Structure formats: C-alpha cells, structure tokens
Amino acid sequence: MAEFHLHDRHPAPRRRDPGSTRKKLLAAARHEFARNGLAGARVDEIAAQAGVNKQLVYHYFGDKDAIYFAVLQWMYNELREYEARFSFEGLSPDQILKKLIVSSFDYLTMHSDFVAIFNEENRNNATHLRKLDQLPDVRTPLLRLISKTLKQGVREGIFRKGVHPEQLYISITALSYFYFSGMPTLSAILNKDLATEAALRQRRKHIIDFVMQSLRP
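Count along the sequence shown from 1, add 2, and you get the number used in the numbering used here.
By construction, these hints were calculated from the structure, which means they are not laboratory data.
Keep in mind that this is a model prediction, so the values were computed, not measured.
Don't take each hint at face value.
[Stated by the list, open to error] Calculated lysine-lysine pairs in the DSSO-like style (CA-CA distance at most 27 Å, straight line): (1) Lys-101 x Lys-56; (2) Lys-101 x Lys-25; (3) Lys-26 x Lys-100; (4) Lys-163 x Lys-207; (5) Lys-153 x Lys-100; (6) Lys-25 x Lys-66; (7) Lys-100 x Lys-56; (8) Lys-150 x Lys-163; (9) Lys-207 x Lys-150; (10) Lys-56 x Lys-25; (11) Lys-26 x Lys-133; (12) Lys-100 x Lys-163; (13) Lys-163 x Lys-153; (14) Lys-25 x Lys-133; (15) Lys-26 x Lys-66; (16) Lys-66 x Lys-56; (17) Lys-207 x Lys-100; (18) Lys-153 x Lys-66; (19) Lys-101 x Lys-163; (20) Lys-207 x Lys-194; (21) Lys-207 x Lys-153; (22) Lys-150 x Lys-101.
My request is simple: use the sequences and hints to build the entire structure.
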C-alpha cells in the first residue's frame, strides 16, 4: 500500500481579498495617472504595479476612465479627512487664516501626485472633477469658514472691508498650487532647487505674509 503524506496534498487556493485588491489597484492607478496622465496611462501598467491580472481592473472598475474617476474620489475623500483634522476653536481671525494657508501648502508638499492629477483635470476641462459628489463637501465648509473669519476680522478692525471669500480662497490656493505645479520650470529659471526644506519654508512664510498684508485695513 502506498504511503500517504500530508505534504503530498495540493494546498488550497488562496481566496482573493476584494478590498485589498481594489486598494492595490487604486494605489497603482494613482501613481500611473500622476506620472503619465489619463491619456498616457496604461491599464497593463496599473495591473503590473498592483501585482494582479489586468482583467481585475475591468472587473472592479469597468474601464480606465472609471478607475481614474475612482482615484479622484479617493483623493478628495483624503483631502476632506485632512481638513477635518484641523480645529479652529478659540483662534483669532488672523490665526485662522494663517492656519488655512499652512494647511493648504503643507498638503501639497506631502501630496505631489495631487498637483499632477489636478493638472490633468485642467487639461481636460475638469470633465471628471465636475462629476464628483464630494466637491460641495470640500468647498462649502471652507468657504463658509473664510467668510465668517473675514467678517469677524472686519468687526475687530484687523481686516479691511470688501474682500470676497471666493477670491481669497482662489488666491490662497493659487499661491501654493502654482509653486508646486511650476516647480520644475521655476527651479530651472532661477537655477535653484525649490523642493528643498529651506526653499519650502521660505515660500510658505512668504505666502502667509503676502496674504495677511493684503487683508490689513
């Protein structure tokens, strides 16, 4: 009689973890879209980076546009969670605005892929961004806070009248965003590495000073 050994058994196939696979695909897609844009990104490369079969991209998301949209949703959820961590309770109006400027700048410092994908949306007329249900959740509370802070600052005599909340929001965003978006060309023009810690600190301080001075009576 043949001897039976436990190690002769074929190991049971591993069960696929849908949640883990989806996260791997999203992370790989985020990297691929940030590097190559929507048009240049390849589903084959996303699957290879995630270590899965290409068919799973279509299984979980449908097509390349759909996984790109899912990446946008993830990024805006991430941004919303980041902003929700900040407390402005008990701060003066100028302290609140300084904290908003710092948080905006620091987020872009930590998430260079956000800038790259945002550039992609600008090139494509924000086609996918306009479909995000999360946009009001990010925009509305922030604009409400800026509006309330400006009014309080005017009452206390530390801000001038007539500053529009939306315009201030655009200015704060633009002053940080363009620095990172234009970093390669600006670094070349100025013959200086604008990504160093010293350069980042200098830029952040300048934005705070620039915005706060523009609000003085």
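Okay, the hints, checked on the actual structure:
{"no.": "1", "hint": "Lys-101 x Lys-56", "in the structure": "43 Å, violated"}
{"no.": "2", "hint": "Lys-101 x Lys-25", "in the structure": "32 Å, violated"}
{"no.": "3", "hint": "Lys-26 x Lys-100", "in the structure": "36 Å, violated"}
{"no.": "4", "hint": "Lys-163 x Lys-207", "in the structure": "24 Å, holds"}
{"no.": "5", "hint": "Lys-153 x Lys-100", "in the structure": "16 Å, holds"}
{"no.": "6", "hint": "Lys-25 x Lys-66", "in the structure": "15 Å, holds"}
{"no.": "7", "hint": "Lys-100 x Lys-56", "in the structure": "46 Å, violated"}
{"no.": "8", "hint": "Lys-150 x Lys-163", "in the structure": "13 Å, holds"}
{"no.": "9", "hint": "Lys-207 x Lys-150", "in the structure": "24 Å, holds"}
{"no.": "10", "hint": "Lys-56 x Lys-25", "in the structure": "15 Å, holds"}
{"no.": "11", "hint": "Lys-26 x Lys-133", "in the structure": "24 Å, holds"}
{"no.": "12", "hint": "Lys-100 x Lys-163", "in the structure": "18 Å, holds"}
{"no.": "13", "hint": "Lys-163 x Lys-153", "in the structure": "8 Å, holds"}
{"no.": "14", "hint": "Lys-25 x Lys-133", "in the structure": "22 Å, holds"}
{"no.": "15", "hint": "Lys-26 x Lys-66", "in the structure": "15 Å, holds"}
{"no.": "16", "hint": "Lys-66 x Lys-56", "in the structure": "11 Å, holds"}
{"no.": "17", "hint": "Lys-207 x Lys-100", "in the structure": "10 Å, holds"}
{"no.": "18", "hint": "Lys-153 x Lys-66", "in the structure": "45 Å, violated"}
{"no.": "19", "hint": "Lys-101 x Lys-163", "in the structure": "21 Å, holds"}
{"no.": "20", "hint": "Lys-207 x Lys-194", "in the structure": "18 Å, holds"}
{"no.": "21", "hint": "Lys-207 x Lys-153", "in the structure": "24 Å, holds"}
{"no.": "22", "hint": "Lys-150 x Lys-101", "in the structure": "15 Å, holds"}
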